[in-house]
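**Student:** In case you want the letters, here they are:
2 protein chains.
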Amino acid sequence: MERGFGGEGCVLVTAYHTENTMKIVIAGLGIIGGSIAKALKKYTDHEIYGINRSKAPLAKALECGAIDGVGTNETLKTADMLILGMYPDAAVEFVKSHAEFIGKKCIVTDTSGIKSEICPKLSSLAKEHGFTFVGFHPMAGKEKNGFDVSDADLFLNASAILIPGDAPAEAVKRVADLTKKIGFGRVVYATPEEHDRMIAFTSQLPHVLACAYVFSPQCPKHEGFSAGSYRDVSRVANINASLWSELFIENKEPLLLEIQTLIDNLKEIKEGIEKGDREELAALLHQARVIKEALGE
Amino acid sequence: MERGFGGEGCVLVTAYHTENTMKIVIAGLGIIGGSIAKALKKYTDHEIYGINRSKAPLAKALECGAIDGVGTNETLKTADMLILGMYPDAAVEFVKSHAEFIGKKCIVTDTSGIKSEICPKLSSLAKEHGFTFVGFHPMAGKEKNGFDVSDADLFLNASAILIPGDAPAEAVKRVADLTKKIGFGRVVYATPEEHDRMIAFTSQLPHVLACAYVFSPQCPKHEGFSAGSYRDVSRVANINASLWSELFIENKEPLLLEIQTLIDNLKEIKEGIEKGDREELAALLHQARVIKEALGE
Chain A
-11 MERGFGGEGC VLVTAYHTEN TMKIVIAGLG IIGGSIAKAL KKYTDHEIYG INRSKAPLAK
49 ALECGAIDGV GTNETLKTAD MLILGMYPDA AVEFVKSHAE FIGKKCIVTD TSGIKSEICP
109 KLSSLAKEHG FTFVGFHPMA GKEKNGFDVS DADLFLNASA ILIPGDAPAE AVKRVADLTK
169 KIGFGRVVYA TPEEHDRMIA FTSQLPHVLA CAYVFSPQCP KHEGFSAGSY RDVSRVANIN
229 ASLWSELFIE NKEPLLLEIQ TLIDNLKEIK EGIEKGDREE LAALLHQARV IKEALGE
Chain B
-11 MERGFGGEGC VLVTAYHTEN TMKIVIAGLG IIGGSIAKAL KKYTDHEIYG INRSKAPLAK
49 ALECGAIDGV GTNETLKTAD MLILGMYPDA AVEFVKSHAE FIGKKCIVTD TSGIKSEICP
109 KLSSLAKEHG FTFVGFHPMA GKEKNGFDVS DADLFLNASA ILIPGDAPAE AVKRVADLTK
169 KIGFGRVVYA TPEEHDRMIA FTSQLPHVLA CAYVFSPQCP KHEGFSAGSY RDVSRVANIN
229 ASLWSELFIE NKEPLLLEIQ TLIDNLKEIK EGIEKGDREE LAALLHQARV IKEALGE
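As given, the protein sequences belong to chains A and B, one line each in that order. Take this note's numbering: the final residue in the first sequence is number 285, and no numbers are missing along the way. Take this note's numbering: the final residue in the second sequence is number 285, and no numbers are missing along the way.
Bound-form chain A, shown alone:
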């Protein structure tokens, strides 16, 4: 397996562990942290240590071989990478309370669904304590949560969004390389603000509207009257309310903008239906098809 950095910008290479095997600590063994652990064990030969507030996921991860051991403050001191698999605020809290143990060669990365709210805080902590921070959002998930539904192949062909911030290029490359090793199909780079604006549309808005959709009084009676359209729109209404309420509120501004845009667009179609001019309505709806086709979808 080819690892390490080559070519340009090698000045900082020595700041990071360049041997084949890295010591990686994953804090938070839910679906994302658990899946990263399993994927790392399946596709790489890195040493993996798990940290988790409750004991059950740790025991399960040890038993199934997703981690080599339970991480401690001592493990953090010599870790090459720390991956945070927690809710956004908890991730910041974890780094804050463990900053003194995180070694200077360590690259810290998170997996949060929001970035403007937490990347600057984690970058500041990194600068203050001498380690490196690179933001990361794996675009994969399931309707269910927790270590039990984690999956070594959750990330196959998914997109990895990286938020380099002011991290050295070598550290960013190391995270990018690791995402490719565990199955991600592509890596895209963004600022925290670009990320949050896009995610408000691609991920948060579909969750908002899935919930709004199933609130219809017709919903409980849908059986026998529904097919793929119902199933697809309502899928993510099976929501982890505690996680998503945090994500929504911490990405308030871009998300409110997307919800209002959706409401305005719904009103425009509604007015077209009220007016009852078939050709005019067809022309409006056809624009949606044009957008999808231009995207090759």
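In short, the hints are calculated from the structure, not lab data. Every clue listed holds true.
Note that the list lumps identical chains together, so a pair holds whenever it fits in one copy or between two copies.
Mimicking DSS-like on lysine-lysine, the simulated pairs with C-alpha atoms at most 27 Å apart in a straight line are: (1) 130 to 209; (2) 240 to 209; (3) 240 to 255; (4) 43 to 84; (5) 209 to 255; (6) 11 to 30; (7) 130 to 169; (8) 130 to 258; (9) 258 to 209; (10) 209 to 161; (11) 168 to 65; (12) 168 to 209.
Given the structure of chain A, go ahead and fit chain B onto it with the hints provided.
**Tutor:** Relative to the frame of chain A, chain B by itself:
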């Protein structure tokens, strides 16, 4: 193959062809009519005749064996069943202009996505001319249209909604039996009004919101920032605008109600995000999960 009717209500049995092989005419060989033709040839030994405005689908259907021949006014005179695979208004027009040729033993059924607007018209025509009408809505489809994407297994495990109206029970049973033979997993019965109220929610609203969703200025930039949520919500935005504008306008009242309900629910979640109380927002979102879980989804 067991067909025919047994037991109670046999008085009207003689009004219908009770032999094993029926002569079935399908008018309109798009994705739905074409799939019914292919499924009938695959799973039954009925004789199938196709009628279509343009010639290409007829030639293709003949070539691939989806139909035994091209239907004519003469075929209609001796047909046991006429299945309308056309847009709603076109279906009514077809029956109106061919009513004199439709034999009295014939069961006419449609496949329209709206019922209040067309079932009463088709029932009246049936009464006037002595044949039988049973409304039918197959809950299956694809994002693409036309005979080319028709599929003998399109209906596997799908729901068949039947609108019996005042049709004799034997005729309704014959249509229901046929749907089961071609793969439908269940049959549900409804009045036109019940059907239209449910379909406004389960099928039309997802199409409206998929279009409204992709109208966001963020949409063309989504690549690399999206996963299953984007894909599922936007899927049906690749809309057949001419068909759906007809369906939306002809089901105006229930659909406008559903769109307004969705807008109101979106506003409620939006206000929760604006207010920024995590627990209150989580409690609201959690109701969506409760609804999905109660449905076993």
